[in-house]
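Novice: Between the sequences and the hints, there should be enough to build the whole structure, so can you do that?
The residues making up each chain are set out below.
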Amino acid sequence: MNDLIVLPVALPLLGAAVCILVGKSRTAQRFVSITTLVVVAAIAVWMVVDVDANGTLVTQAGGWPAPVGITLVADRFAAMMLAVSAIVLLAVLVYAVGQREAEGNHVGFHPVYLVLAAGVASSFLTGDLFNLFVSFEVMLTASYVLITLGGSKAQVRAGMTYVVISLLASTLFLAALAITYMATGTVNMADLSGRIAELPEGLRSALGLLLIVVFGIKAALFPLYFWLPDSYPTAPSPVTAVFAGLLTKVGVYAIIRSQTLLIPAADRAGTVLLVVAALTMLVGVFGAISQNDVKRVLSFHIVSQIGYMIMGLGLFTVAGLAGALLYIIHHIIVKTTLFLTSGLIEHAGGTGRLARIGGIARRLPVLAALFVIPALSLAGIPPFSGFVAKLALVSAGLDTGEYAVVAISLLVSLLTLFSMTKIWAGAFWGESHGDNGKELIVEGRLGTPRVMTLATASLAVLSIAIALASGPLYRFSERAADDLLHPARYVMEVLGR
Amino acid sequence: MSLLLAFCTAALFSFGTYLVLQRRLSRIVIGVGLLGHAANLMLLLSAGERGRPVFIGSDGDFTDPLPQALALTAIVITFGVTVFLLALAYRSWVVSHDDEVEDDVEDRLIASRLAADGATAEADPTGETTGSTGHVGEVPS
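Sequences listed follow chains V and P, in order. Residue 496, in numbering that gives the first Met the number 0, is where the first sequence stops; the numbers in between run on with no holes. Residue 140, in numbering that gives the first Met the number 0, is where the second sequence stops; the numbers in between run on with no holes.
Check each hint, because a few of them may be wrong.
What the hints assert, rightly or not - When the alpha-carbon atoms are kept at most 20 Å apart in a straight line, the in silico SDA-like pairs for lysine to any residue are as follows:
1. Lys437(V) - Gly358(V)
2. Lys152(V) - Val93(P)
3. Lys152(V) - Ser25(P)
4. Lys421(V) - Val371(V)
5. Lys152(V) - Phe83(P)
6. Lys152(V) - Glu99(P)
7. Lys421(V) - Ile380(V)
8. Lys152(V) - Trp92(P)
9. Lys421(V) - Arg112(P)
10. Lys421(V) - Ser95(P)
11. Lys437(V) - Ile380(V)
12. Lys152(V) - Lys421(V)
13. Lys421(V) - Leu409(V)
14. Lys152(V) - Arg112(P)
15. Lys437(V) - Ser25(P)
16. Lys152(V) - Ser95(P)
17. Lys421(V) - Pro471(V)
18. Lys152(V) - Asp97(P)
19. Lys421(V) - Ser289(V)
20. Lys421(V) - Arg361(V)
21. Lys152(V) - Tyr89(P)
22. Lys152(V) - Val94(P)
23. Lys152(V) - Arg90(P)
24. Lys437(V) - Ala424(V)
25. Lys437(V) - Leu85(P)
26. Lys421(V) - Arg352(V)
27. Lys152(V) - Pro199(V)
28. Lys152(V) - Leu108(P)
29. Lys421(V) - Phe285(V)
30. Lys421(V) - Val405(V)
31. Lys152(V) - Leu209(V)
What the hints assert, rightly or not - Cβ-to-Cβ under 8 Å is the rule here; a few derived chain V residues that face chain P:
32. Asn53
33. Val57
34. Ala177
Because the hints were derived from the structure by calculation, they are not lab data. Glycine included, each C-beta is placed from N, C-alpha and C at the ideal position.
Specialist: As structure tokens, then:
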């Protein structure tokens, strides 16, 4: 049973190879990639259930025992992240098939998308720091191709910034790996967990901070977020949606994993993380307010939301980490939905610029509903999933006595609501018109292309389901957070000692 | 020897950083390459003592193979991505006939609007211009 955890990584890679072989037929490509992701999602969901009931799954690649071989580990945190990402990847793929823009124009879309899926899965499952680097590279290289697939001027310009900044982060990661290996003689995360504590203090904090910087670039933490709102909006909507939902969250996952597992409890930079979290929230939301394009507003919101997750981590309590985990689950789904909706808005209006479109609510009520649900959820209005996640974070913050960061997070929620109303007022209210004075494009009964709308709607429904199932989900998150704060269990599972 | 390599790494890191901060894409690509070399050199340095045989010698003492394997993986990855970056640079040349990394147009637009707002506010010392507020939703199209 343990060997099954290889499948979420291996299957998409295999699928990518098949997709290249059947490149002549778009239908065959679609069949292969959708089937692959359905299977991966099913395995991932089964893993969540199994891990929660029977404990962590561990497998050693090639049968080499840890710490020599490459270890794949699925604990509660990793399994949950994997399940949510697999579902989101599947929904976005269906949307892309419905949209045809990026998917239909390029034979490389399906293979590259599956490689991205493999990279994301491998980042979550790996138990080896160097393998994490390789997984990041697999995921990022796929994302470089996806973001520049159109080859337009704006995409090349934005892609350039994105590639260079990611390469820079990778180089720093390599340097951190070299230091780690030099000092400890291992790159297995479970093995490192004990050994880092034995290092001299200066080296320990240098390593800890270097890792925060490396993963902070990927997660777009303040002050390392500049590349994100610049590059994301230029890609086609499905690509932006999956980037927004998943890529930065892989960075957050790596921060949480490294801070809880690798860094000894005495060295945890809780205050630094809380300050960074507060600044990330504030800067992101102010950036969002000043923008005038749907996708750019949403891109700045990614930055702002990352702050909440880091806030949960910075508290270093079970409640805080549980809140962060719940927030990540909610955020991946809601953010992806919003970007998919922004694609639908662009489809209907011809542009995402708020000044040039209007009145969508009157002509396309379904689209308006699809925007309102995730938008209110993002702002944290009850009864949506954002409310539950924010409530968990705020109460954890109050328990710890970190009143300043709690106050800032509540203020940022208000500002989030404000910028969402800005999109609403700009695009949905007023006289209905599209770009250049044209009519809004209304198709069929739903108003927007059916497949795209259904894919978006399924994610919106999922976000409501999260709110409804928040009790069990929160208890699951608490168990996962408890595991994270007791790294000895992880080490025990992997090394058997 | 180790000291020499340490200086070498430091030099590569600093030259690479300088080049990456330039605006010309060709320089950035070279800078990224240098940074990659620096990181790989660091990985190699992490093998510990130098001068040992690669294979098991008569006394059974040999050099740590893992850093070399890691460096090899890293070299392949850096190489692949650098090639992609070059392809991107070529594409940039094709579409814009320039290899300078440009500013974000939208950012400039917002900045210029703020500057324009500032100018009207300065021109009107009473500060009662309506132009400096209520601009949030509007865009000069």
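Novice: Would you mind marking each hint as holding or not holding in the structure?
Specialist: Here is how each hint holds up against the structure:
1. Lys437(V) - Gly358(V): Holds - the C-alpha atoms of Gly358(V) and Lys437(V) are around 12 Å apart, at most 20 Å.
2. Lys152(V) - Val93(P): The given pair, whose Cα atoms are some 9 Å apart, holds under the 20 Å limit.
3. Lys152(V) - Ser25(P): 17 Å, holds
4. Lys421(V) - Val371(V): Holds, because 12 Å separates the two Cα atoms, which is no more than 20 Å.
5. Lys152(V) - Phe83(P): 16 Å, holds
6. Lys152(V) - Glu99(P): 12 Å, holds
7. Lys421(V) - Ile380(V): Holds, at about 16 Å.
8. Lys152(V) - Trp92(P): With Cα atoms ~10 Å apart, Lys152(V) and Trp92(P) stay inside 20 Å; holds.
9. Lys421(V) - Arg112(P): 18 Å, holds
10. Lys421(V) - Ser95(P): 34 Å, violated
11. Lys437(V) - Ile380(V): 34 Å, violated
12. Lys152(V) - Lys421(V): 29 Å, violated
13. Lys421(V) - Leu409(V): Distance ~19 Å between Lys421(V) and Leu409(V) Cα, so the pair holds.
14. Lys152(V) - Arg112(P): 24 Å, violated
15. Lys437(V) - Ser25(P): At roughly 43 Å apart (the allowed maximum being 20 Å), Ser25(P) and Lys437(V) break the hint.
16. Lys152(V) - Ser95(P): 7 Å, holds
17. Lys421(V) - Pro471(V): 34 Å, violated
18. Lys152(V) - Asp97(P): Roughly 11 Å between the alpha carbons, so the hint for Lys152(V) and Asp97(P) holds.
19. Lys421(V) - Ser289(V): This hinted pair holds, its Cα atoms lying about 10 Å apart.
20. Lys421(V) - Arg361(V): 17 Å, holds
21. Lys152(V) - Tyr89(P): Measuring from Cα to Cα gives roughly 12 Å; hence the hint holds.
22. Lys152(V) - Val94(P): Satisfied, since the Cα-Cα distance of roughly 6 Å is no more than 20 Å.
23. Lys152(V) - Arg90(P): Roughly 9 Å separates the two Cα atoms, so the pair holds.
24. Lys437(V) - Ala424(V): 19 Å, holds
25. Lys437(V) - Leu85(P): 40 Å, violated
26. Lys421(V) - Arg352(V): 12 Å, holds
27. Lys152(V) - Pro199(V): 50 Å, violated
28. Lys152(V) - Leu108(P): Judged against 20 Å, a Cα distance of about 18 Å means the pair holds.
29. Lys421(V) - Phe285(V): Answer holds: Lys421(V) to Phe285(V) is near 13 Å, not above 20 Å.
30. Lys421(V) - Val405(V): 25 Å, violated
31. Lys152(V) - Leu209(V): Measuring from Cα to Cα gives roughly 34 Å; hence the hint is violated.
32. Asn53: Nearest chain P Cβ about 33 Å off; hint violated.
33. Val57: Violated, about 21 Å.
34. Ala177: Holds, about 4 Å.
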